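Guided by the hints, dock chain B onto chain A, whose structure is given.
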Amino acid sequence: MSEPLFIVSKDDWSLHRKGYQDQSRHQEKVREAVKQNLPDLISEENIIMSSGKHIVKIPIRSLDEYRFRYNFQKSKHVGQGDGDSQVGDVLGTDAEEGAKGQDGGAGDQAGVDYYETEISLEELESMLFEELELPNLQEKDKQQMESKDIRFNDIRKKGIMSNIDKKRTILENLKRNARDGHPEIEGITPDDLRFKTWEEIVLPHSNALIIAMMDTSGSMGAFEKYIARSFFFWMTRFLRKKYDQVEILFIAHHTEAKEVTEEEFFHKGESGGTICSSAYQKALEIIDHRYPPNNYNIYPFHFSDGDNLTSDNERCVRLIDQLLQRCNMFGYGEVNQYNRTSTLMSAYRHITHPQFYHSIIHEKKEVYKALKSFFGKEKVG
Amino acid sequence: MSRDEIKELECSIDEIKEIASGFGLDFYPMRFEICPADIIYTFGAYGMPTRFSHWSFGKAFHRMKTQYDLGLSKIYELVINSDPCYAFLLDGNSLIQNKLIVAHVLAHNDFFKNNARFMNTNRNMVESMAASAERIREYEMKYGRLEVERFIDAALAIQEHIDPSLVKTFTRHLDDLEVEQNTRQGTGKNTPMRVTDYDDLWVLDKPAEKAINEPERHRFPPEPQKDLMWFIQEHSRKLKDWQRDIMTVLRDEMLYFWPQMETKIMNEGWASYWHIRILREMDLTPEETIEFAKLNASVVQPSQYSLNPYYLGLKIYEDIEKRWDNPTEEEMTRFHRKPGEGRAKIFEVREFELDTSFLRNYLNKQLMEELDLYVFQKQGAEWKITDKSWENVRDELVYSRVNGGFPYLLVEDGDYLHNGELYIRHAYEGVELDLKYLERSLPYVQQLWGKTVHLETVIEGKPVVFAFDGKQHSRKFL
Chain A
1 MSEPLFIVSK
11 DDWSLHRKGY
21 QDQSRHQEKV
31 REAVKQNLPD
41 LISEENIIMS
51 SGKHIVKIPI
61 RSLDEYRFRY
71 NFQKSKHVGQ
81 GDGDSQVGDV
91 LGTDAEEGAK
101 GQDGGAGDQA
111 GVDYYETEIS
121 LEELESMLFE
131 ELELPNLQEK
141 DKQQMESKDI
151 RFNDIRKKGI
161 MSNIDKKRTI
171 LENLKRNARD
181 GHPEIEGITP
191 DDLRFKTWEE
201 IVLPHSNALI
211 IAMMDTSGSM
221 GAFEKYIARS
231 FFFWMTRFLR
241 KKYDQVEILF
251 IAHHTEAKEV
261 TEEEFFHKGE
271 SGGTICSSAY
281 QKALEIIDHR
291 YPPNNYNIYP
301 FHFSDGDNLT
311 SDNERCVRLI
321 DQLLQRCNMF
331 GYGEVNQYNR
341 TSTLMSAYRH
351 ITHPQFYHSI
361 IHEKKEVYKA
371 LKSFFGKEKV
381 G
Chain B
1001 MSRDEIKELE
1011 CSIDEIKEIA
1021 SGFGLDFYPM
1031 RFEICPADII
1041 YTFGAYGMPT
1051 RFSHWSFGKA
1061 FHRMKTQYDL
1071 GLSKIYELVI
1081 NSDPCYAFLL
1091 DGNSLIQNKL
1101 IVAHVLAHND
1111 FFKNNARFMN
1121 TNRNMVESMA
1131 ASAERIREYE
1141 MKYGRLEVER
1151 FIDAALAIQE
1161 HIDPSLVKTF
1171 TRHLDDLEVE
1181 QNTRQGTGKN
1191 TPMRVTDYDD
1201 LWVLDKPAEK
1211 AINEPERHRF
1221 PPEPQKDLMW
1231 FIQEHSRKLK
1241 DWQRDIMTVL
1251 RDEMLYFWPQ
1261 METKIMNEGW
1271 ASYWHIRILR
1281 EMDLTPEETI
1291 EFAKLNASVV
1301 QPSQYSLNPY
1311 YLGLKIYEDI
1321 EKRWDNPTEE
1331 EMTRFHRKPG
1341 EGRAKIFEVR
1351 EFELDTSFLR
1361 NYLNKQLMEE
1371 LDLYVFQKQG
1381 AEWKITDKSW
1391 ENVRDELVYS
1401 RVNGGFPYLL
1411 VEDGDYLHNG
1421 ELYIRHAYEG
1431 VELDLKYLER
1441 SLPYVQQLWG
1451 KTVHLETVIE
1461 GKPVVFAFDG
1471 KQHSRKFL
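Residue numbers (the numbering used here), protein chains in the order written: chain A, 1 to 381; chain B, 1001 to 1478.
The shape of chain A in the complex, shown without the other chains:
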């Protein structure tokens, strides 16, 4: 018999997972690429400005497959009109030079390699925070550090009704009835009731206090404030996500320092001259009044453009020394876009205390470097 000329069949394809497997390999590679681009990504404006209140989707270009190809932007293409097209007709406009292939009208030929994949803020965070931790965290005085938790670990005949253990109660009832010769569930008496009870357990925690200090003087321009706020934005998110017991205080200063709310810290602008020591003085006061170093791991961070009243620098060094006696570390971040010589930094260079860290930020993506140098698992000096 000759072979039939056609066959229709329907198989079970559920084991054919190749597409999905290679898809996840692609996503894995995208994640690797994202990781390599963390410095750029975390200084994206749209993330910082959202205050982290809602989820932001960040477009990440998926991995390109490089090959020799024509410059799409510079070549001629053929299209088709609906009958009355004229030379000079505009088909579309590219919103941003070379940014998007599709919607500008570059057509689907170039669009193929340009589609974007997205990553949520949460994913980005988890990648970033993997690499960060609070340094020199120490066990502090039990009284403050411990927090209480409860654990159900005993069964008793007395208790409150909301804690009744139904299964055991029924078992007791069954047993009792069985002893009486009729094995069934019937007539539950107070004697059958069993209750779960709990005991209080104490979970050790390390309390931490973060003091975020930011220069809001007139010399802090938009870029400087943006950098400082980006740093503190990621810092607060990171700390809150990773640690249960962490308090964050915000101090804004120009010539005077004051404790402000988080909202004010991130959104209010100020002006005037600069006396950095005012912030350190304020921090010391707060620590001495409210946060005994015996009970707290304390981390002050200060961001400035380094443009301090020159006569104040020495005082700053002295106060930092006092702070370091009370704190686990002190972090100074200087936003210095044009590589100026700052007198404040010149003074700080001589601080040799092992818990003093500084980071100089010239451009947006160095926010990442600062985070790593303050919170990195492997310290970058």
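Treat the hints as calculated values from the structure; they're not laboratory data.
Please read all numbers here as calculations on a predicted model, not as lab measurements.
Take these hints with a grain of salt, some might be off.
[Claimed, not checked] FRET-style restraints, in silico, Cβ to Cβ: (1) B:L1478 to A:R240: 55 to 61 Å; (2) A:D89 to B:H1336: 39 to 45 Å; (3) B:E1127 to A:E131: 47 to 53 Å; (4) B:F1406 to A:G83: 31 to 37 Å; (5) B:G1340 to A:G88: 40 to 46 Å; (6) B:Q1067 to A:R168: 55 to 61 Å.
[Unchecked claim] If you want a taste of the chain B side facing chain A, the calculated C-beta under 8 Å gives, among others: (7) M1001; (8) F1032; (9) M1141; (10) V1375; (11) V1393; (12) Y1444.
Note that the Cβ used here is the ideal one computed from N, Cα and C, for glycine as well.
Same frame as chain A, but now just chain B:
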């Protein structure tokens, strides 16, 4: 799809096959397989159900599948050029959708079987690809997944640079060499021995005497070589056996896909032409007729930014048929064309042409105006229609199809600077290369070749050579 529905589909296929054969279509036996969407999209992304694994296919799959999930696009069928010919139908297609698709697929099958560009196609590619995929999997086990992936990344970057000529060019050099040697041995001197009176004519076909006498520097390759894949796989000193094997696999697969890329407009046009003709012969219910019309309209819908090959191809075949059915007085006297030969003519066209010659020979002024085709390009931030003169539009269209739409590269020297470096020249014909992509691709070639790689092209009218030595890029104007 239930057993009954499959029965019903089988009856329709029987009928469609009868009609198609009646029209003179000539196809391989068919295997229809009904698949869920993710399987169809897997095949679409890989080009073949049995192909090897690579993240780039996963990326394509993800994109296509997402578009399907969002209702943006839909593949109803996928057909594979093999004997027997496989077609995959989307589970959930209605009967009328399947009728259209079956008719469409039969015409593809006929095209695969009869178009000259498919003459050398391996018709067992399903099995070949499965075997290659298995071998590559073994390499992954043996040499590590990342190592193999890294190599495939590099090889894929040049996969389009093969020589798909129907007649292999490599053999010619060997023949030349033999002729040359015979000539010298035969005479003892450098003059050929005459056996017949016409022998001096044959000499004219041979390399000039001068070339033999003057010890010209030994060229390697003897002539510029278009097949970069082949050249590297044969001559790179860096490749290990398994790597050469993978290059062979990629090259063979590209050779298999190449005729499909070269005949996209013809092939889709042919299939569209026939699904319409075949469905017209069938007894459709009014509902089916409407659904068919809708579906057909969506398949052959024109597009502003790129040409719909289904539509363009269909229109050209219809135009050829019309013109050969009703030749003008002039055509009858000058070309001895007789009326009513339209059908025969399109069968001839489907056999001998490929997209470039199809467009060059049959896209005429009248049709161009009817289709309202234009050239558009970027001016400032705007994409503007810049030309509507029919010859220019036709020429642009033809250029865009030359070499599958890929830049034409030639290996000029495999021992550049007498240092084993690779010198590649882009046969520049007016369109510049994407420089970012060029600079990202050169390292791949360098990785495969093992020594510095140079690429000559033209920017802003000036010849320029890009090079990558394994560590850094350089660029110099000539």
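We went through each hint and held it up to the structure:
1. B:L1478 to A:R240: 55 to 61 Å: For L1478 of chain B and R240 of chain A the Cβ distance comes to about 60 Å; the hint holds.
2. A:D89 to B:H1336: 39 to 45 Å: holds (43 Å)
3. B:E1127 to A:E131: 47 to 53 Å: Since the Cβ atoms of E1127 of chain B and E131 of chain A sit about 48 Å apart, the hinted range of 47 to 53 Å holds.
4. B:F1406 to A:G83: 31 to 37 Å: holds (33 Å)
5. B:G1340 to A:G88: 40 to 46 Å: holds (43 Å)
6. B:Q1067 to A:R168: 55 to 61 Å: holds (56 Å)
7. M1001: Constraint on M1001 of chain B satisfied, holds at 6 Å.
8. F1032: Status holds, d = 4 Å.
9. M1141: violated (16 Å)
10. V1375: holds (5 Å)
11. V1393: holds (6 Å)
12. Y1444: holds (7 Å)
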